[in-house]
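Take a look at the letters that make up each chain.
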Amino acid sequence: MSAGVETDPGVARDAGPTAEDPVLEIRNLSVDYGFGDDPTHVLRDVSLTLRRGEVLGLAGESGCGKSTLAYAATRLLPPPGLITGGEVWLTGRDGERADLLSLSDAELRAARWRDIAIVFQGAMSSLNPVFRIEKQIVDGILAHRPRMRREEARERAAELLRLVGISADRLRSYPHQLSGGMRQRVMIAMALALEPQVLIMDEPTTALDVVMQRQILEQVMELRERLGFSVVFITHDVSLLVEVADRIAVMYAGEIVETAAARDVYTRPRHPYSAGLLGSFPPLHGPRRELTGIPGAPPDLSAREPGCPFAPRCPHAMDVCRTELPVLGRTAQGEDGRLVACHLHTAGAPLPEEVGR
Amino acid sequence: MSFLLRRIAFYVLTAWAAITINFFIPRLLPGDPVTALLGRMQGRIDSNAEHALRVLFGLDQDATLWQQYLDYWGLLLRGDLGLSFTHFPTPVSEIVNQSLPWTVGLVGVATVIAFVVGSLIGTFLGWRRGTWADGLLPVATFFQAVPYFWLGLITIAVLSVNLGWFPSSGSYDRGLVPAFTGEFIGSVVYYGFLPALTVVLSSVAGWVLGMRNMMVTVSSEDYVTVAHAKGLAERQVMLGYAARNAVLPQVSSFALSLGFVVGGTLIMEMVFSYQGIGYTLYQAVSTHDYPLMQGCFLVITLSVLVANMVADLAYALLDPRTRTEDR
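For the protein sequence lines, the chains are V and Z, in the order given. Using the working numbering, read the first sequence as starting at 1076 and increasing by one per residue. Using the working numbering, read the second sequence as starting at 17 and increasing by one per residue.
In short, the hints are calculated from the structure, not lab data. Everything hinted at is true.
Just some of the chain Z residues that point at chain V, by a computed CB distance under 10 Å:
#1 ARG145
#2 GLY146
#3 SER235
#4 TYR239
#5 ALA243
#6 ALA245
#7 LYS246
#8 LEU264
#9 ARG337
Treat the numbers as computed from the prediction; the structure is a model and nothing was measured. Idealized CB from N, CA, C, for every residue including glycine.
Using the sequences and the accompanying hints, generate a full structural model.
Written out as C-alpha cells, the structure reads:
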C-alpha cells in the first residue's frame, strides 16, 4: 500500500503539497467494483503526482487498474465502479487547488476538458458515428464557451485539425470516413480544444500499427513542447514509455508497485514485476535479447490472498511475501526519487541481480 | 444518387413479386365464390341463377391463367380493382377508399403517439438505469405480455359498460352525417379514443423496452464517455449522444410498424366494431370475396413496402454509415 508515502521522509517529492509544482495529485484513491456486501477492491490507496509539464507513464498488464485510475480520477467511472475514498487535487491555471472528487456536478463539468482532457483507448469508438467531426469538436468548445459564436468555434476546430496534421476540409467528414490513425489524431485535436493542463492518454495507440503509433506519439510530444500541458500516458508497453515518459509508475493488481524516472526503471528496475515487464518487450535500442515474459496471470481481485499480490508469480518470493502486503517505500539502495513496494528491499538480504543492478 | 436508384429498383422488384403472389394466392384457396354466395343466401337465389352469377363474375370464360394475369395487370394499372362479390356491384376501390382512412387515421395516430411516448420513457429509464426508474419495467412488461383482445375487452368493460364514459363500438355517432364539421370530428375523436388508447397501451411497452435496452447499450459506448469527459451538460449527453444513437433501431421498427398499421389491426377493429380495412379484409376472406381480398392485400402489401422504403430513407438520413460513399 502506498499509504506509507505520506510518512516516509525520503519521498517528500512524491507526496503532499510540498511536491514541486504539481498539477494533478491523486491521494489514496480507492475504487471498488460492485455495490454488494462483497465488492471487489480494484484500486487500493493509490497515490500519484503529476508535475507541471511532465509526462508520467503508467505501466502494467491488462486488469491492473490503469484505466480505472484514469476514469476514477476524472469521475468518469461507469457503474458498478465506485470511488470509496481518496482525493484528486487539481491545480488550476490561477494556482487555485480543487479536489475533483468533491466538486459539484456543475463545477466538475466546467473543469472537464478545460483542465483535464482524455484520449481514450478505442480510437475507433471514441467518436460518435452519426455526427460530423466538426460538430463533435465544436460542441465541446461551445459547452465551455457558451458566448462564442459557432463560426469562431468552427474556425478553432479547423485550426485544431491542422495542428495534428489533418486538412481542415476533413471537418465535414464522418468518423467512418477516416482511418484509425486519423480518428485518433482527431481525438487528440479534440482533447486540445480548450488547451487543457492535463492530458490523460489511455493506451492511445494500442489499436494502431507501429508506424502510426510512432507518428502520433511524436506529434503529441511535439505539441506538448509547444503548448506545455502535462501528460499521463497509460500503456502496457514499457519500452514505449521509456521513450516518451519522464517518470514511470508501474501498477500491479490495483496498486502502484514502483515509481521512478523512466530511464531508471528501464536500466535498473527495482521491483521484480517491473523487471518481468521489461523482459516481455523487445528493447528499442541495444543488443537483442531473449524475451522472457512473466509466467501466470494477474490475480483475481475479487479473491485476494494476504501478502504481496505478485508473490505467486515472483521468482524471488519469500515467506513474508505470502503473508504481508509490502508498502511503497525507499529502495534498498536508498536512491532518491524512487519508490518500490517489495519485501526484497526491506529484508536486508542481498538483492537478486535483476532488481539489484 | 445511385444509392437512391438502387433502393427504388429493389422496391419496384419487390412490389412486382408481391402483386404477382397476390394474384395467385386467392386462386389457390379452396371453394368458389358463386357456391359461397348461394350458400350464404340460403335458397333465396334460384339455383338456375347460378350460371347467370358465373357470367356476371366473369367466371365462365376459359381464359388461361397467363391471360388472366395479364388482364389483372392491365386493370390494376388503370386503378380498377374489380367489383366486390359480397357488396355487388360496388367497386373494390370504393370499399377500400372508405375503410382505409379510418384505419390509417386511428391506428396511425395511435402508433405515432406510442412511438414518441414510449421512446421518451425508454430514454429516461435507460439513462436512469439502476435507480427507482427500473421499477417501471415490470409494468411495461405486463402491458407488453397482455393479449390485445383481452386488454380491449377489459377496457370496454370498465370504461364503457360500467362507467359509461366512452362508446363501446363504432367510429362516429350514427346520427351525424359525415362532413368536415367540428361536431363530426369531435364525434370521431370521442369514438376513437378508446380503441386508440388500447392500441397505445399495448404497443407503448415495446417501444419503452426497446429504447431502454438500446440506451443501456449505447450509454456504455466510448463516445458517450467522451461526451461526458468533454463536460457537456447531462441533458445534451443524454439526448444528443445517447438517445440520438439509441433511437436508430427504433426508427426502423417504427417504419415497419407503420406498415403493419394497415394490416395488423384486425383484432382491434373486431373488438371495437371499427369500420377499418382489417375488418373489411376479414369479411372478404370469410365470404370468398376474391376481388375485395386482393384489393385489401394489395393495399396492405403496398403500405408495408412504402413504410419499408421510408424506413430505409430515414435511416440513411439519420445514420451516415448506411449511406454509400460517393467520393
